[in-house]
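> Letter by letter, the chains look like this.
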Amino acid sequence: MKRIAILGSGNIGCDLLVKCQETDGLKVVSFAGRHANSKGLEFALRRGAPITDRSIEGVLEDGETPDILIDCTSAAYHQYNYDLCKKNDIRIVDMTPAKLGVSCCPVVNLDECLGADNINMISCGGQASMPICLAIKQANPAINYIEVVSTISSASAGPGTRKNISQYITSTQKAIRDMLGISFVKVIINITPAIPPIHMKTSILVDSEAVLSEPETRSSIENVTARVRSYSPGYYTSVDLRRMGAKTICQVQVTGSGHYLPAYAGNLDIINCAALEVIKKL
Amino acid sequence: MKSPLFYDVTLRDGSHANQHGFTAEFCSSYIDKAYSSGLRYIEVGHGNGLGGSSLHIGRLKDPLLWNIIAEKASLYQDLKVGVHVIPGLATFEDLDAASEAGVTVFRIACHCSEADTTETYIEYVSQQGHEIWGLLMMAHMIKPDQLAREAKKMESYGASRIVFLDSAGALTPSMVERITREILSVADVPLGFHAHNNLHAAVANSLAALSSGCDSIDACARGYGAGAGNLSLEALVALLEKDECSTGLDLKQLTELSGLIEQQYASSLPIVDSLSTATGFYGVFSGFKPKILEAAASFDVDPMDIIASLGKAQVIAGQEDQIIATASELAKEQRR
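The listed protein sequences correspond, in order, to chains A and B.
The letter at position 213 of the first sequence is residue 213 when you use the working numbering, and the numbering goes up by one with no holes.
The letter at position 167 of the second sequence is residue 167 when you use the working numbering, and the numbering goes up by one with no holes.
A couple of the hints might just be wrong.
[Stated by the list, open to error] Pair by pair, the computed Cβ-Cβ distance ranges are:
no. : chain 1 : residue 1 : chain 2 : residue 2 : range
1   : A       : LEU45     : B       : SER156    : 34 to 42 Å
2   : B       : SER156    : A       : ALA210    : 42 to 50 Å
3   : B       : ARG336    : A       : ALA226    : 20 to 28 Å
4   : A       : ASN144    : B       : SER267    : 40 to 48 Å
5   : A       : SER213    : B       : SER126    : 45 to 53 Å
6   : A       : LYS27     : B       : ASP188    : 51 to 59 Å
[Unchecked claim] Part of the chain A face toward chain B, derived, beta carbon under 8 Å:
no. : residue
7   : MET1
8   : ILE188
9   : THR192
10  : LEU205
Quick caveat, the hints were computed from the structure, so don't treat them as lab data.
Note that the Cβ used here is the ideal one computed from N, Cα and C, for glycine as well.
One chain only, chain A, in its complex shape (with noise of 0.2 Å):
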């Protein structure tokens, strides 16, 4: 049995709570905040998870020691929390784009991260066009450039996210060029506000004259999706690979499993399944 504490109640930190819970050979023995009445821990709390609202501190002193601790707080603490991690021989999942461990894609490099001691699960965007991107890399290798355009609902981008953008531009662009050896790669995120709330989108596009055989690059595409929808249920090309002039695209739509967040929540949904996978397999 895995012993798992989730540092941070928000929206990720609840949703993580109840796949953990729902996963067989796992145990939440911390859930941690720093407010003492949130509606996360009082979520938390109605799960019958442990709670603390002495974040990192309260995790460490309370209770049951971790094997893993899920960090969902924010850039700004991960380094913090890392240090307190290390000290106590605590393996670290980092929820937040700080970037201090090393960026795991489950369909990209899940093997090659289960001996860190720090896992940084890199960005919604990233999981979401990483499996695709991937898959158009192994069918075409001497591609050089590729742009992400993601679209998230207005209602699934709580206030970390509208306040990191440029970061989170940044630092998905280089996951993907770091992770694949691509080039020149282009993120765009669009924020929108439809009622209902649209499921997230990601566009994959790359030049047509890249493209060195479209039926290959397709299967490419489906074998991978195939794979992370076995981690990612709702993962789904909604518009399949198909060149319109100079450009080539390809959409994926990423549906929520429903746990803590809605069904539109996809964006959150991918990067809480990708760190489950991980978890799973530590």
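Chain B: place on chain A using the hints.
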């Protein structure tokens, strides 16, 4: 009436009309002429602003544009060169590059209901000491009191002026008046308006904005902008001068400026056609026009159906991929 501040967006919004194809050479002669006409605020760049150059929206054909900004900004000391900045396309690195090139007006823009996405960008530019305007795009999509709340947020972040944009040319003069009054009832900074001509209302809407309290106007020479075009700069100036409002601009030179556009971009001059009536009516972003036509041809579906679907789904500027997704869906439905 006191003359408004004229903000010339030709070299940015016009980028939508010629598929981001302005040459540095053309921009150079345009800016010279515009300056001598009396214009002091000129915006330059990709149609979607900094970071807009992409396969998704269209690539900027001439990267030398930046050199022109640097050259003109040092040549004309009282010229203010502006850029359009949408958080989500632009990054802080793009802001740095624009600042280094001599840009002094940063118009931080977002979809009208998402003002909080501009907070960190406004703060970032504030540290560089530049002029910051806050822009609310697709202003027809929310109610005037909501727009006023979003405008107030931008003001609290540090914007020194608010502009609301009728990006789909979907507003009427009475709507423009209501929005203007509502924003001015809460804002402590001045207000501007940016029109599109989808329903032939760019002039009427701009006059309504001015008579109800706006004091800056976005305009393009020859109305050269996205979709059905923007407000025609020279037409508004002519109307104001006839009404004995002294604009300080040289109308003869402005018509020559318009002529420059007519000569160079004869094949892409905006017109109000059936498609723009539909985009205006359904409230679909003006800049989508070429992509709607492209997707309609590729999937063999009616562009009017695409427009109606995009309007119903409340698709916003920046979601160009959704035009393709919509056309693909419509094609599937047709086959059923």
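> Should the hint that B:SER156 and A:ALA210 are 42 to 50 Å apart at their CB atoms be regarded as holding?
Cβ of B:SER156 to Cβ of A:ALA210: about 45 Å, so the range 42 to 50 Å holds.
> Given a hint of 40 to 48 Å, does the C-beta separation of A:ASN144 and B:SER267 actually sit inside it?
About 33 Å separates the Cβ atoms of A:ASN144 and B:SER267, which means 40 to 48 Å is violated.
> Against the range 51 to 59 Å, how does the distance between the Cβ atoms of A:LYS27 and B:ASP188 compare: consistent or not?
holds (55 Å)
> At the C-beta level, are B:ARG336 and A:ALA226 separated by a distance inside 20 to 28 Å?
holds (25 Å)
> Note whether the CB distance of A:SER213 and B:SER126 lies within 45 to 53 Å or breaks it.
At roughly 50 Å between Cβ atoms, B:SER126 and A:SER213 fall inside 45 to 53 Å, so the hint holds.
> Against chain B, with CB atoms and a cut of 8 Å, does the hint on A:ILE188 hold up?
The hint holds - A:ILE188 has a Cβ within 8 Å of chain B, the shortest such distance being about 6 Å.
> Holds or violated: A:MET1 as interface residue toward chain B, Cβ cutoff 8 Å?
violated (42 Å)
> Hint validation: A:THR192 versus chain B, beta carbon distance must be below 8 Å. Holds or violated?
holds (5 Å)
> Take the shortest C-beta to C-beta distance between A:LEU205 and chain B; is it under 8 Å?
Constraint on A:LEU205 satisfied, holds at 4 Å.
> Within 34 to 42 Å or not, the Cβ separation of A:LEU45 and B:SER156?
The hinted range 34 to 42 Å holds for A:LEU45 and B:SER156, with Cβ atoms some 36 Å apart.
Consistency note: the structure conflicts with the earlier hints numbered 4 and 7.
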